[in-house]
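Chains as they are written, first to last, in our numbering: chain A, 70 to 377; chain B, 274 to 675.
Since the hints were made in silico from the structure, they are not lab data. For each residue, glycine too, the CB sits at the ideal point set by N, CA and C. Please note: incorrect hints may appear among the correct ones.
A short, non-exhaustive set of chain B residues, derived as facing chain A with CB atoms under 7 Å [said to hold, decoys possible]:
hint: 1; residue: Ser-318
hint: 2; residue: Pro-320
hint: 3; residue: Ala-322
hint: 4; residue: Ala-439
hint: 5; residue: Lys-441
hint: 6; residue: Gly-442
hint: 7; residue: Leu-482
hint: 8; residue: Gly-485
hint: 9; residue: Ala-486
hint: 10; residue: Ala-489
hint: 11; residue: Gly-506
hint: 12; residue: Gly-517
hint: 13; residue: Ser-521
Below, each chain spelled out in residue letters.
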Amino acid sequence: MTGAGVLVLEQSLNGLQFGLMLFLLAAGLTLVFGIMDMINLAHGSLYMVGAYLVATAAVASDSFWLGLAAGIAGTAVLGMLLEVAVLRRLYQRDHLSQVLGTFAILLMANEGVRMLWGSQPVALNPPAGLAGPVELLPGFLYPAYRLLIIGVGLAVAALLYVLVTRTRIGMRVRAGASNREMARAMGVDVRRLFTAVFGFGAALCALAGGLLGPLLAVQVGMGESILILAFVVIVIGGIGSIRGAFFGALLVGVVDTAGRALIPLAFDHWLGPEAAAGAGPALASILIYLLMAAVLFWKPRGLFPAHG
Amino acid sequence: MQTVAASPSRPPMLATLAAFAALACAAPLAQAADAVKVGLLSTLSGPGAGLGVDIRDGFQLAVKQGGGKLGGLPAEVVVADDQQSPDVARQTADRLIKRDKVDFMTGIVFSNVMLAVGAPTFQSKTFYVSANAGPSQYAGEQCNPYFFSASYQNDNLHEAVGKTVADKGFKRVALLAPNYPAGKDALAGFKRFYKGEIALESYTPLNQLDYGAEIAKMRAAKPDAVYIFLPGGLGINFIKQFVGSGLSKDMTLFGPGFSADEDVIRAVGAPMLGMFNSSLWAHDLDNAANKRFVADFQKEYGRLPTLYAAQGYDAARLIDGAVRDVKGRLDDKAAVRKALEAARFESVRGPFRFNTNHFPIQDYYLRVVTQDAQGRVTNRTLGTVFRNHADAYVGACKMPAA
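With the rest of the complex left out, here is chain A (with noise of 0.2 Å):
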């Protein structure tokens, strides 16, 4: 295999690996954002504190996989906790009063975190048997933990889209989600929908942390950067929409890896390394915003609006 066609191919996995990680913090957040039309900020320290629980379970049990679990549930019932405490509070508000609320929470989870954990990042190792790469083809090595991030996204995508448009709680979860007045109405019981939605959104988010922190580092504000990535996920998307959500996690996963592989080799090729080592990477990261740019001044509603 040429070098081109293998950078390419590894390229197109860890934007598929990338993508799927955003579609599970996009997922919890569009479904807020579009059924109880609520800003949520705070998304990303359930991702954060996940993240921490994961860990955090891990090391007491030896085992990742118990601690993924013990986390996953455990940023659930604090989801939900959440929700009932304080968020619920918020929803009549308008989004400036909920950016504020949920600010304050975000700001809170940092320190209590800090508090709890010591500002100092926490190791979270890949079970050793994933430590290494596989062989996916000959000549191509890919790292198993990556592939395995893979799998388990695209099968909670798949749980996800038969929960969604194949089960009672799916309906009214689309109900919600296109007329929330006329759901109600109907006699759907909205606020212990909101609390399970919330839960599950928290649950999403642990898994994501969990399993992206032997990648990258669970440590305080960890949840902030991709908290915005997240946000310009459901824009393109189209805000309360799950398919929009997958779309768009997935385009802009691939347009960020790739335009950070491509972009610097075409500048290096055009303009000489110097410049290549300068603008390459300010354009890379800026990438995906001029995407959304374009998303919003073609289609302002995102890629698959879910609101008729």
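Keeping the supplied structure of chain A fixed, place chain B upon it in accordance with the hints.
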């Protein structure tokens, strides 16, 4: 996310401080101080925290060994966190200098933070003894009588690896560094001694933790060696991902000591075996000062020291020697400067002296990550790459006379 509120009472406070400063300057004769105060401003949170913690622990170990004294005077070490942010560092340094009135400043890990703190520190005639950051600016044209590097000049460790890679006969090298001043200095230093082909040169954002894209580029470019300058958590992530991708079988990984020290080894473990790296110090260097340092550090903190800890320790010992030399007369700035320049202390790294730009002339070693006799994964010193090595910028420094 951190915000620091501006103090509403700033103008009157500044005026008071200025008045105090004027009074202090008016003191006629230098008298022996009754204590020595050190401001240890370092990165104690975020991905770079491990580095700052080791500098702090190394420094405090030296103070503890001296019975809580530096140069015969009771020592007070004021520890503060710069959060790896130049803005926070500058404000905190202001507080240490003006309110706490420290005699020496030390501890900064990152060069961009150092450059923000340097100017106000030198202006207040406070001596800065660097336990890590050694930016090229302060070694060359902006060299300053109040700045002393007890560590190295940023390029040095990279120069040592560049020479090693060239000596070992590697022909195609891929380079990777963060996109900030020290990252560019690093690769410039490497290329000063390695003249072969550069298969790939990548700069990544300083907060990037996923190196999937860079690893894919390396796989496509097929270099025979890879050189990374990724301090702290960045290096931990890269090495894990590099080994996970299977590239470590085809390419030899090189780094400066920062990318392969005990902090990184603790986090990565066995996959690091065989990584070559350069350092001005190693825990197995055979000299009396080092043996005592390594043994006491392990006893005190239960882990092996890193080069950051060694630099923090040496910074304290350098201050200790200087304070003793001037017999505690810390107000006599010219005398303190001369005493620091003389550097009368036994460094844990062996021979140590200052060049005219207040940067060290010292040896640089090649280390490799191996398993020692007790089965621990750790560094072993292979040999000396440079003897009495000076930095490349000293010619541009016109150090003002005392």
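Hint check:
1. Ser-318: Hint on Ser-318(B): holds, closest Cβ of chain A at ~3 Å, below 7 Å.
2. Pro-320: With a closest approach of 6 Å, the Pro-320(B) hint holds.
3. Ala-322: 4 Å, holds
4. Ala-439: 20 Å, violated
5. Lys-441: 24 Å, violated
6. Gly-442: 23 Å, violated
7. Leu-482: Status holds, d = 4 Å.
8. Gly-485: 4 Å, holds
9. Ala-486: 4 Å, holds
10. Ala-489: 4 Å, holds
11. Gly-506: At 5 Å from the nearest chain A Cβ, Gly-506(B) passes the 7 Å test, so the hint holds.
12. Gly-517: It holds, given that the least Cβ distance between Gly-517(B) and chain A is near 4 Å, below 7 Å.
13. Ser-521: This interface hint is violated because 9 Å lies over the 7 Å limit.
In terms of the numbered hints stated before, the structure departs from hints 4, 5, 6, 13, listed from lowest to highest.
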